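2 protein chains.
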Amino acid sequence: MAELNEIKIFAPATVANVSCGFDVLGFCLDTVGDEMIVRMSPEKGVRITKIAGSDLPLETHKNVAGVSAMALLETLNPNCGFEIEIYKNIKPGSGIGSSAASAAGSVFAINELLGRPLNKTQLTAYAMKGEALASQCEHADNIAPCIFGGFTLVKGVKPLEILELPTPSHLFATIIHPQIEIKTSEARAILPKEIPLSNAIEQWANVGSLVHALHTSNYNLLSASLKDIIVEPYRKQLIPEFDTLKSKTLEAGALGVGISGSGPSIFALCNGETLADKVAETMYSVYQKSGIDFNIHISPINKQGIKVI
Amino acid sequence: MAELNEIKIFAPATVANVSCGFDVLGFCLDTVGDEMIVRMSPEKGVRITKIAGSDLPLETHKNVAGVSAMALLETLNPNCGFEIEIYKNIKPGSGIGSSAASAAGSVFAINELLGRPLNKTQLTAYAMKGEALASQCEHADNIAPCIFGGFTLVKGVKPLEILELPTPSHLFATIIHPQIEIKTSEARAILPKEIPLSNAIEQWANVGSLVHALHTSNYNLLSASLKDIIVEPYRKQLIPEFDTLKSKTLEAGALGVGISGSGPSIFALCNGETLADKVAETMYSVYQKSGIDFNIHISPINKQGIKVI
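Chains as they are written, first to last, in the numbering used here: chain C, 13 to 321; chain F, 13 to 321.
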């Protein structure tokens, strides 16, 4: 058998926070994601040889996929190098884990080519090194669902502990990406450093009940748990038409609606594809009047996560 | 068949908060609880005819069991009244749901005698009226586990929504009750109104992972989730020897140790009865040097909750 020295992968988009679970919850999409080709080369090190679909830097140390790959190679120190081609379909700055997909993609692919020396949690840790380049802090709430698939809970980062939560089978996501720019750093700066204890209690009741809802496939409870009284009140100001879009999509039957990551994308979770389509139409009708360009994606929850294609 | 007109019940003690789940989580004990005899009487209204084991008021409107029973009768308006005898085994002010047991006991028993017109959530709501007499606010974090059994999550109180969480089968609790007085109101007043967002995030990650741990019977994860960085740092100051007791019992193998409700009782959760016994010995050896009187209870988790005996 010829040795595998080139691999093509699909690195999916992801939704972080999931309303109540700021900084800890996330889920994985299936119909939106980057493709990457990674091949072994005799020359050591990592080279980004091509980027299509986006104007991102080719320099290894300025590219999240390059930085995470370099961090991985520093540990594994294989007797070869890697060339990476990136085909971006997830727009940088869209709030659905564009940098996480790139950061996860390179380490996942290299790990596959080297015979899987590392497990998924270890890969998450290396991908976080790349993600830090994009957001100035190491976090795993997009990387974890990208690598593990389904719903994930980042229990902690020191030590890194990722929990895989069950995914109810009829769950679909509808995502709208208004093409405005929100920097993650700006979306962080707008948040208060301190919050009322009473709000925190309500939020952790919702996190607990959302995890219970996922375990019991209880769509009504899932709906009742998809609330964010801590972060959304601040960040929604950065997203035109957020309140209108939220109320109209909930009226249309979405289980819950919230900001994807730090925005500007907005996600809705829906029970079944028909409803996800209807919610997409509602999003379309609200946003087409806004004069802002936008994309809409409809996707089942991706239970597998990043994969070889 | 003769009509049932007298009933004897067991109203168990409970542990509220369970470290990370301040104000929302609770679990039910099996070996500690009050007994109550409730009988129908031709005369309408509620009379507390006997209280043994504690110096609590017999006046209906000053007694939590009386107040919750009256609230229930106001709605149901049956063509009879009720006499209540209370045999207290749970010491008032111990922090293991003494008032909740009394408040839940009377409404549970009356509901049984009337042929169960109300469900458990409705009973919880009436019991909260009695609990409010003791703690100046309506809360359900002791009443819910007393009535439902097992682990419960109070998702919200308006509307009241109680979630029944699974109970891993080998779980035991060891409780020490140092006989000092901590008023619930005092234990509330000591808490900050605002907390750092970063601490809240860590706490809700733990709530989510504790719920996941209960669903998956993952004792290691349960242990890692039983942390309270919000409330315990304040309230532990009210409990002598808390830090020593906690570190020694964790060393002895407890999965987690925390303040039961607003204290002064301290609970430990343990994997198996042998370990629960060992933890009890450790608690004994720490506290016997303190000069403070104390009781220690060992109990499996009570999955049934309040019951007819």
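Since the hints were derived computationally from the structure, they do not count as laboratory data.
Fair warning: there could be bad hints in the mix.
Identical chains blur together in the list; that is why a pair holds if it fits in one copy or across any two.
To be verified - Each computed DMTMM-like pair below joins lysine to aspartate or glutamate, with the alpha-carbon atoms no more than 25 Å apart:
1) K170 with E263
2) K170 with E97
3) K74 with D289
4) K195 with E214
5) K132 with E214
6) K248 with E214
7) K141 with E206
8) K56 with D35
9) K141 with E95
10) K205 with E124
11) K260 with D305
12) K141 with E214
13) K301 with E97
14) K170 with D255
The model shown is predicted, which means the values in this text are computed figures rather than measured ones.
Status of each hint after checking the structure:
no., hint, in the structure
1, K170 with E263, "between (41 Å within a copy, 22 Å between copies)"
2, K170 with E97, "neither (32 Å within a copy, 53 Å between copies)"
3, K74 with D289, "neither (38 Å within a copy, 57 Å between copies)"
4, K195 with E214, "between (28 Å within a copy, 24 Å between copies)"
5, K132 with E214, "between (32 Å within a copy, 22 Å between copies)"
6, K248 with E214, "both (19 Å within a copy, 23 Å between copies)"
7, K141 with E206, "neither (28 Å within a copy, 32 Å between copies)"
8, K56 with D35, "neither (36 Å within a copy, 56 Å between copies)"
9, K141 with E95, "within (19 Å within a copy, 68 Å between copies)"
10, K205 with E124, "neither (41 Å within a copy, 50 Å between copies)"
11, K260 with D305, "within (19 Å within a copy, 61 Å between copies)"
12, K141 with E214, "between (33 Å within a copy, 21 Å between copies)"
13, K301 with E97, "neither (38 Å within a copy, 68 Å between copies)"
14, K170 with D255, "between (36 Å within a copy, 23 Å between copies)"
Checked against the numbered hints above, the structure breaks hints 2, 3, 7, 8, 10 and 13 and satisfies the rest.
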